[in-house]
Amino acid sequence: MTDIYENDAVIEKWRNPKGWKGVAAISFICLFIVSVGILVYGTGGTAFVWLNMMYLPIILAAAAYRVAGGAAAALIGGLVLGPYMPLHVSQGIPQNGANWLLRTGVFMLVGIVTGYLFTWIDRQYDRLKQAYDQLALSHLELQNTQLELIQAEKLESIGRLAAGVAHEVKNPLAVLQLGIDYLAIAAGGNEAVMEAIEEMDTAIKKADRVVKGLVDYSRFEKLDLKVQPLNPIIEEALNLVKHEIMKEHITVESRLSPSLPPVPLDHGKIQQVFINLFINAVHAMEGGGKLTVATSRMLLTEEYLEGLAQPVGRFGPGDDVVIAEIMDTGTGIPEDKIVKLFDPFFTTKPVGKGTGLGLSVSRKIIELHAGWIGIRNRQEGGVLVTLLLKPEERSVSTS
Amino acid sequence: MKRILVVDDEADLTHMVKRGLEVTGKYIVMEENKGKRAIATARQFRPDLIILDVMMPDVDGGDVAAALAETEEFKNVPVVFLTAIVTEEETKPTGSFIGRHTFLAKPVNLKNLITCIENHIGA
Chain A
21 MTDIYENDAV
31 IEKWRNPKGW
41 KGVAAISFIC
51 LFIVSVGILV
61 YGTGGTAFVW
71 LNMMYLPIIL
81 AAAAYRVAGG
91 AAAALIGGLV
101 LGPYMPLHVS
111 QGIPQNGANW
121 LLRTGVFMLV
131 GIVTGYLFTW
141 IDRQYDRLKQ
151 AYDQLALSHL
161 ELQNTQLELI
171 QAEKLESIGR
181 LAAGVAHEVK
191 NPLAVLQLGI
201 DYLAIAAGGN
211 EAVMEAIEEM
221 DTAIKKADRV
231 VKGLVDYSRF
241 EKLDLKVQPL
251 NPIIEEALNL
261 VKHEIMKEHI
271 TVESRLSPSL
281 PPVPLDHGKI
291 QQVFINLFIN
301 AVHAMEGGGK
311 LTVATSRMLL
321 TEEYLEGLAQ
331 PVGRFGPGDD
341 VVIAEIMDTG
351 TGIPEDKIVK
361 LFDPFFTTKP
371 VGKGTGLGLS
381 VSRKIIELHA
391 GWIGIRNRQE
401 GGVLVTLLLK
411 PEERSVSTS
Chain B
46 MKRILVVDDE
56 ADLTHMVKRG
66 LEVTGKYIVM
76 EENKGKRAIA
86 TARQFRPDLI
96 ILDVMMPDVD
106 GGDVAAALAE
116 TEEFKNVPVV
126 FLTAIVTEEE
136 TKPTGSFIGR
146 HTFLAKPVNL
156 KNLITCIENH
166 IGA
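Here the protein sequences line up with chains A and B, keeping their order. Residues in the first sequence are numbered from 21 upward in steps of one, following the working numbering. Residues in the second sequence are numbered from 46 upward in steps of one, following the working numbering.
Please keep in mind that the hints were generated in silico from the structure rather than gathered at the bench. None of these values were measured; they are calculated from a predicted model. There is no bait here: all hints are sound.
Only pairs whose alpha carbons sit at most 25 Å apart, straight line, appear in this in silico DMTMM-like list of lysine to aspartate or glutamate:
no.: 1; chain 1: B; residue 1: K137; chain 2: A; residue 2: D286
no.: 2; chain 1: A; residue 1: K232; chain 2: B; residue 2: D54
no.: 3; chain 1: B; residue 1: K156; chain 2: A; residue 2: E211
no.: 4; chain 1: A; residue 1: K232; chain 2: A; residue 2: E256
Hey, can you work out the whole structure from these sequences and the hints?
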């Protein structure tokens, strides 16, 4: 798309110049008018070529200061040429004096009409810019929608694939699980064999976790929505990961707003999202840190949405939302990896720590709730996860 | 000894269930890898409990269970679905009733499988 603002700086420079630019512009126009006057006087006032030169500073003044500028320049031009009128009258050539009066009137007319034309062009230019802005916004929205569609299609095919793979992998896992249980009995307490069996058991459980993640990912098609408060679900999730939090010596700051409106939520699924996010935060702060969880309600503003630094899809300024924020003081995420965080099987965790499905499952759940989830690094260090959820329709008008 | 019929198209799985259960000395296990032959094998084996897969290439496990329930001789024989279509979170590790039958999620460990069997037909 051509950038309409490319020449905006030049146009703005010549629109109603102020300050030193204004002084320079007015001085130039006045000098131009006086110069034309000198030429007219010097040639005896009959050389119309020089007289017509007066239109130039009038047009320039109208271009710079619109109707007021054009009229003022015309008046000054008329006054500069005024002494010729009585001179000609005294010389017995009254029609020339009348001509000068008429000429000043024409100057005025040209100044005012030109000024009005520039004002009209201003309005058209502003409208063009507005249309351009709207077009640019629509273009951006279209691009975002296209990206979301591509992502949705990608996720859908991954979901189908995941379901198939999960089913096929579960059978051999079941064989292995029953096999090592059998071997554990057959080993008759042989320590070396039992050690090997335990390692195999751990490996099976890891594989099973991945498969469960795949099944979760491929299954979330429908939600069991009930209008309910969000805070208790967050508190339950915090309680469920309490052990991991304490183990890593992490302090928790909970700033849950007591006046949140109820939200249509699938209790279990939303709890799973918060557990995933808390576990991610804990993994990012091994050895200690601070986990902050906050909820609030707000009418979205453009400033807030810009602060999210990511397209927020279905949300726009003025929307009533419930916001949940989870902050950690960990190492943050490399900027080039942030865009991939929600891709299935993408993980920044060490091998064995994560399946790479937690965030993609979480986003799927949030999207099924018609919500939004975004992750960004905090300036102070660590990561901020933001969730936007729509409160119950009824509650929008009641508060 | 209790008699267990295991019906699953995965021969490795039925074989491992047989090994695992029989090593305890409490069970006699018969394997069947064709869903369609499940009822015929049951008639021959007379099981106390049937472990049944849901998704089998030749027949749906649910249809097999329905056919068994309509049979006078097997209508009271408990059926445990051992399947990949449910997760342990949904069924609990030792299985839970969904509809008329007990479901166990694959992969199940031997201890939980035995607990599930004992819940139905005793130790």
